[in-house]
Amino acid sequence: DTAVSQTPKYLVTQMGNDKSIKCEQNLGHDTMYWYKQDSKKFLKIMFSYNNKELIINETVPNRFSPKSPDKAHLNLHINSLELGDSAVYFCASSQGTGFHEQYFGPGTRLTVT
Amino acid sequence: AQTVTQSQPEMSVQEAETVTLSCTYDTSESDYYLFWYKQPPSRQMILVIRQEAYKQQNATENRFSVNFQKAAKSFSLKISDSQLGDAAMYFCAYRSPNTGNQFYFGTGTSLTVIP
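For the protein sequence lines, the chains are A and B, in the order given.
Here our numbering is used: position 41 in the first sequence is 41, and no number is missing along the way.
Here our numbering is used: position 26 in the second sequence is 26, and no number is missing along the way.
Looking at chain B on its own, in the form it has when it is part of the complex (with noise of 0.2 Å):
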């Protein structure tokens, strides 16, 4: 199976800054999709951004945006403006087309946002 690895148990930021949360995988295919989904204190999973493993143009979605380096096997969120409504547990998940459309998420990374 596809193991997804978050390196970065907590993270934190100030209002306003910039930060980073970094996400590596490990695969042989070439074909795949990778996602980041938010988890608020509320418990709710929101996706946040995806992207297309044959595509090299960096997903973008207004204030978050990806680092996408396939031959890495790396996938970065980075979030730019932060609010605190930021405030969340991130995911990032790698999703097979050939393993029974399975999921895998990595561990999370809790994020602060600094008033």
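Isolated chain A, as found in the complex (with noise of 0.2 Å):
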């Protein structure tokens, strides 16, 4: 019954690494996002996508990269792993306009070592 679900929750890496984090969605939404939460709780947009679109937000390294194989996903990959890349990443998807809140999944606290 998960609507927004995200993994691993967990993921404890060396800088250097490359890894990714895996996000789903069975709400039949068509937009997708990522947020990176930091230790003072800001979140932050990185990307928002939908089967058109991409938006990008130009603060975000492109080491980061999202990878949609289908409407239902969106996985966020992370090149050469830096120690300020430590956060809590979030998906979260909506429907694409109006009055439609997004549904988040539980995150995915990242530490790099």
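Derived by calculation from the structure, the hints in this document are not laboratory data.
Errors might be hidden in some of the hints.
Derived contacts from chain B toward chain A, CB cut-off under 7 Å, selection only [what the hints assert, rightly or not]:
#, residue
1, Tyr33
2, Phe35
3, Arg43
4, Gln44
5, Met45
6, Leu47
7, Glu52
8, Tyr54
9, Lys55
10, Met89
11, Asn101
12, Phe105
13, Thr107
Backbone N, C-alpha and C fix where the C-beta goes; we use that ideal spot for every residue, glycine too.
Join these two chains into a complex; the hints should help.
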């Protein structure tokens, strides 16, 4: 019954590694998002994506890339991980327009050592 | 891009009392949507309440209500009869129908409920 799921929930890895976080939604939404929440709880949009358009926050390093194999999935790939990438990453989805809220996944806590 | 400001990083309230969390936003759009989300220690983001900008009537959801002042670009959240389970981070969010369906979040207010 989970609406938006993410795997893994916790990820510990070393600097320089490449990792992926998977996200799936079963709500039939057409737009998906990735957010980064830092230690101060600031929630920063990284990407939004529907089957027509990818919008990238220009402050996001190009080491981060979203990949969408289909409408229900938006995975996040991170290359050459850095210490500053440690954060909680949230996937979310929503209907594309209007008075629709976002549904969030449980978050993935990434720790880079 | 629209900006959303929550000027109270932390707030506290006595159990059963009422607390108001403030939110202001900057926009030149006339039609948009506003939301309050709650993030308890479990870190799951939960929708609390939402408001359409073209509706003058303030939204209410049980103990939660908003004071939407469009001209002032203000969207405060009032929690009545506060309960221990209300303790969480609260985020105000703005959704633009015009900029790729983006959501813009404030920096959050950490609410403590004192027994």
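Now the hints, each set against the structure:
no.: 1; hint: Tyr33; in the structure: 5 Å, holds
no.: 2; hint: Phe35; in the structure: 6 Å, holds
no.: 3; hint: Arg43; in the structure: 5 Å, holds
no.: 4; hint: Gln44; in the structure: 6 Å, holds
no.: 5; hint: Met45; in the structure: 4 Å, holds
no.: 6; hint: Leu47; in the structure: 5 Å, holds
no.: 7; hint: Glu52; in the structure: 6 Å, holds
no.: 8; hint: Tyr54; in the structure: 10 Å, violated
no.: 9; hint: Lys55; in the structure: 10 Å, violated
no.: 10; hint: Met89; in the structure: 6 Å, holds
no.: 11; hint: Asn101; in the structure: 6 Å, holds
no.: 12; hint: Phe105; in the structure: 4 Å, holds
no.: 13; hint: Thr107; in the structure: 6 Å, holds
When held up to the earlier numbered hints, the structure conflicts with 8 and 9 and fits the remainder.
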